[in-house]
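*Asks:* With the hints as constraints, model all of the structure from the sequences given.
Sequence order for the protein chains is A and B.
Quick note on numbering: the first sequence equals residues 1 to 640 in our numbering.
Quick note on numbering: the second sequence equals residues 1001 to 1102 in our numbering.
Don't read these hints as lab results, they were simulated from the structure.
Even for Gly, the Cβ is constructed at its ideal location relative to N, Cα and C.
To list a few chain A residues with every Cβ distance to chain B over 12 Å, as calculated:
id, residue
1, F192
2, F565
3, I601
With a straight-line cut-off of 25 Å between C-alpha atoms, the simulated SDA-like cross-links for lysine to any residue are:
id, chain 1, residue 1, chain 2, residue 2
4, A, K6, A, Y55
5, B, K1088, A, Q616
6, B, K1088, A, L624
7, B, K1088, A, G618
8, A, K558, A, E538
9, A, K415, A, V293
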Amino acid sequence: MGEFLKDPVFLATVLGTTLPFFSMAAILILTRSNPGLSSKISLAAISTSAACALYLLVKLHSAPPVQFRTLWFTSGNLNVTFGYYLDSLSLLMLTIVGVISCLVQVYSVGYMAGDPGCSRYYAFQSLFAWAMMNNVIAGNMLQLFVFWELVGLASYFLIGFYYEKWSASQAGKKAFVMNRVGDVGFLLGLIFLLIYFGNLEIPELNHAAATHGMPRGLITVSALLFFCGVIGKSAQFPLLTWLPDAMEGPTPVSALLHSATMVAAGVYMFSRIFPFFSVSPDAMEITLAVGTVTMLLSATMAIVSYDVKAVWAYSTISQLGMMVMALGAGGYFAGVYHLTTHAGFKALLFLCSGIFIHEFHTNDMRIIGRQGGRRLKIPMVCMTIGALALSGVFPFSGFFSKEAILAVLAAHPNKTWVAAGLLGTVFTAYYSFRLIFLILFPEGGIAGKAHGPHADSAQGNEDEHPGYIFWTMAIPVMVLAGATMVLGFVENPLRRFLDRSIQTLAVQYVAGHEGMAGRILILGSCAGLFGIALSWFEFGRKGAGRIGFVGRFPAVWKLFDRRWFLDDFFRKSLDTVVYGGLSRLSVKNDNRVIDGGIDGICHLTEGVGRRLSFLQSGMLQYNLLVMLLGAGAAIILLLV
Amino acid sequence: MNHLSTYLIISALLFSLGLLGILQRRSLIGMLISVELLLNAANLNFMAFNCFLAPDPATGQIIALFVMGLAAAEVAIGLSIILALFRKMHSVNIELAQHLRG
Chain A
1 MGEFLKDPVF LATVLGTTLP FFSMAAILIL TRSNPGLSSK ISLAAISTSA ACALYLLVKL
61 HSAPPVQFRT LWFTSGNLNV TFGYYLDSLS LLMLTIVGVI SCLVQVYSVG YMAGDPGCSR
121 YYAFQSLFAW AMMNNVIAGN MLQLFVFWEL VGLASYFLIG FYYEKWSASQ AGKKAFVMNR
181 VGDVGFLLGL IFLLIYFGNL EIPELNHAAA THGMPRGLIT VSALLFFCGV IGKSAQFPLL
241 TWLPDAMEGP TPVSALLHSA TMVAAGVYMF SRIFPFFSVS PDAMEITLAV GTVTMLLSAT
301 MAIVSYDVKA VWAYSTISQL GMMVMALGAG GYFAGVYHLT THAGFKALLF LCSGIFIHEF
361 HTNDMRIIGR QGGRRLKIPM VCMTIGALAL SGVFPFSGFF SKEAILAVLA AHPNKTWVAA
421 GLLGTVFTAY YSFRLIFLIL FPEGGIAGKA HGPHADSAQG NEDEHPGYIF WTMAIPVMVL
481 AGATMVLGFV ENPLRRFLDR SIQTLAVQYV AGHEGMAGRI LILGSCAGLF GIALSWFEFG
541 RKGAGRIGFV GRFPAVWKLF DRRWFLDDFF RKSLDTVVYG GLSRLSVKND NRVIDGGIDG
601 ICHLTEGVGR RLSFLQSGML QYNLLVMLLG AGAAIILLLV
Chain B
1001 MNHLSTYLII SALLFSLGLL GILQRRSLIG MLISVELLLN AANLNFMAFN CFLAPDPATG
1061 QIIALFVMGL AAAEVAIGLS IILALFRKMH SVNIELAQHL RG
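*Replies:* This is how it looks when you write it as structure tokens:
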């Protein structure tokens, strides 16, 4: 232990990943009544964490994977360790989590100013960051699972942050329950693997799978069970409806939840044990299909929504589906790269919409547009940058990662997937620019020009804010916008960096077919541009109908708007299966079997007692006689 | 006449009489007397065995003395209970003491 304490890498890891926890404890115990101090504590902790993460990334960028571990507990011949596993994937993810959490917390200083629950907010933010960072660097599946659950817990707290609002508390509950459904699968997978393999260390797991040290069927079953966890966490089909509802929390929370922490955990776990997954073609095929369905389904939902945050929420699901597709098709780098770029531009998009929502007190993009959303120059420009990245337009980061994914899909023998990917790209560009155009060119112009007082209040709002609050919100946004523009150009260094983490395992994975790459590059860009042009034609140009092609088919609109009736389906199945079936059976069991059983025993005892009470005649000598006869019988029995 | 069995038979007779008395007498005093008969039958047995079989003559006599002391104590307690019962019921008939009947 002694030499560990002198190791700066170890110190930075421990410091970076435990400080947010202490900040949470300090806020909850000591400084709840002082929001200013709470936010400073939390900010100090998370910026130190981010700095540690960056230091680790720089220090270890060309080093072999580092692992620290110590025995956690022993049960039978099973040794479970607790420790840190620092390879290129976890270092990259640690940096993303640290930096984005830090930016979101800076932003929250402005966004949450004056909120009565500000201290609580920062405490949960710290908890969230702590859980996610530890989730990322866990070297053991069990440890990963523990922090995975803590991430879910923190997101439950933050989604239901405005707990006095019914819809918010319901949304928090929904997120929690839907995640648990997936986690049951994850836990079963862990138990299954523990029984048949007996080791949950991530490096060992990947190594054993890659060197065919495990039976194929075992891998398929446990990979699919793990994938249930991914489905829950990363909002894949069919457990995708919790994520759009999760926007009930404060907007910075959505930014964090949708980019680096909560939903990223699922995809991260997938890529963490990617070599394990990749050995089983069946599991990979299923994940590919689930990712595709998710991507297309949620993209159609985003097309019809007028809620700014809802559009981004659906697009998150869609992009997560895309990452799962990439991973499922064997594109390890493409999936992780898209996770990275997506974390940046999705945080950017949410934080920008947060500024609009903060300013105009509405989520409806039409009202924001009419009240003069485009006058807020910085967020408008940044949001457009984010939307361009999301649509995959050169030279923004989304372009590169999306092309990488499409290249991987194109290399897959089944061409359906790449077609679905291109369709998804069109949808993505269409709905993101539908939002941008509806804010930029609102129907009937900006209402503020016609109505004087309205304009005053809209204009006045910006002056009303102390400049520093506006800038705490604007600066993180600009940093993220800058990252979005730059991240695309680090593709090749990043590819080399990430490849090292699985190269050693000799896993074969698809790296994009060179011959296809050129054609798919053009096709992908065309798809994105086509989507933007379509939305320009329908929402942007002068005299456009502003209803979109879906609006012409009310039935389809309704289908998309009601999320393909997934919520109704869940409600119905909940009502019939859980409430109608299981609950009723349990009530019956409680009333009839348990209560009835105990009552029956009581009645039996009482009845027998009444029947037998005649034996107690109260006559002393009869008792004596019986005793004597009994003793005599015993003696005879003993003698004979 | 100087056989062990003579004493044992007398003791058995005594014991049977005591048993009969305790089961048949309805008077509490009678039952107490019968208990004395039982104890004395046992005492007689002890003395007889001690006299004919035991190498150390003191053991049986000590136990017999113990039994006599025990009998005295038992009579003291038994009589006081009977007295208390008599004050309550003005009778020593066991048939009247049936308040604990189920």
